[in-house]
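Student: Sequence:
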Amino acid sequence: MRRAGPTATYTGRMNSWLWIKYLLTAAVVVVVSEFARRNDKLGGLVAALPLITVLSLVWLQLEQQPVEKIANHARYTFWYVLPTLPMFLVFPWLLARWGFWPALGCSLVLTLALFAAFAWCMARLGVVDLL
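Quick note: the sequence shown, position 93, residue 460 per the working numbering, numbers continuous.
These are computed hints drawn from the structure, not numbers from a lab. If you're wondering where the values come from, they're calculated on a predicted model, not measured in any experiment. Do not take every clue at face value.
[As the list claims (entries may be wrong)] Cβ-Cβ distance ranges computed for the label pairs, FRET-style:
#1 V397 / L492: 32 to 42 Å
#2 W487 / T420: 21 to 31 Å
#3 A480 / A438: 22 to 32 Å
#4 R491 / W384: 32 to 42 Å
#5 P459 / R380: 42 to 52 Å
#6 V494 / P417: 15 to 25 Å
#7 W384 / C488: 30 to 40 Å
#8 A484 / L385: 31 to 41 Å
#9 A403 / V457: 14 to 24 Å
#10 L416 / L498: 26 to 36 Å
#11 A484 / R442: 15 to 25 Å
#12 A415 / W460: 10 to 20 Å
#13 V434 / R380: 15 to 25 Å
The C-beta atom is built at its ideal place from N, Cα and C for all residues, glycine as well.
Please construct the entire structure, taking both the sequences and the accompanying hints into account.
Tutor: Below is the structure:
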């Protein structure tokens, strides 16, 4: 009969922790979508809150990650959000003209192009290296 050693116990705890993270993070997404379904303005407000980022920072802290890693996560999140913002203006405009899937697809392509251009500019100016 095989005995479970310390590694097996650690692995079991890590798997449990991972499932807790999955469930709580998924719950946040479900709650946001439910708010959006019931009230456009409130849904938009809740979706705009950095809930997933805050949850990620909490996960990193609880996992005892170094302060520098947690700070970098917050800092890079700021820079990565900026080029995604135009999508929230372009998508509604395209949605009214093209329908959901083409509007979403074009918005995503635009976001990727803006992100690439933004990352290139930021690196070129010496502000931050995003790639």
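Student: Could you run down the list of hints and mark each one as holding or not?
Tutor: Cross-check of the supplied hints:
1. V397 / L492: 32 to 42 Å: 40 Å, holds
2. W487 / T420: 21 to 31 Å: At roughly 24 Å between Cβ atoms, T420 and W487 fall inside 21 to 31 Å, so the hint holds.
3. A480 / A438: 22 to 32 Å: Holds, since A480 and A438 (Cβ atoms, about 29 Å apart) stay within the stated range.
4. R491 / W384: 32 to 42 Å: 41 Å, holds
5. P459 / R380: 42 to 52 Å: Since P459 and R380 have Cβ atoms about 45 Å apart, the given range 42 to 52 Å holds.
6. V494 / P417: 15 to 25 Å: 21 Å, holds
7. W384 / C488: 30 to 40 Å: Given about 39 Å between the Cβ atoms, the range holds.
8. A484 / L385: 31 to 41 Å: About 36 Å separates the Cβ atoms of A484 and L385, which means 31 to 41 Å holds.
9. A403 / V457: 14 to 24 Å: 19 Å, holds
10. L416 / L498: 26 to 36 Å: Between L416 and L498, where Cβ atoms are some 27 Å apart, the hint holds.
11. A484 / R442: 15 to 25 Å: 20 Å, holds
12. A415 / W460: 10 to 20 Å: 19 Å, holds
13. V434 / R380: 15 to 25 Å: Since V434 and R380 have Cβ atoms about 23 Å apart, the given range 15 to 25 Å holds.
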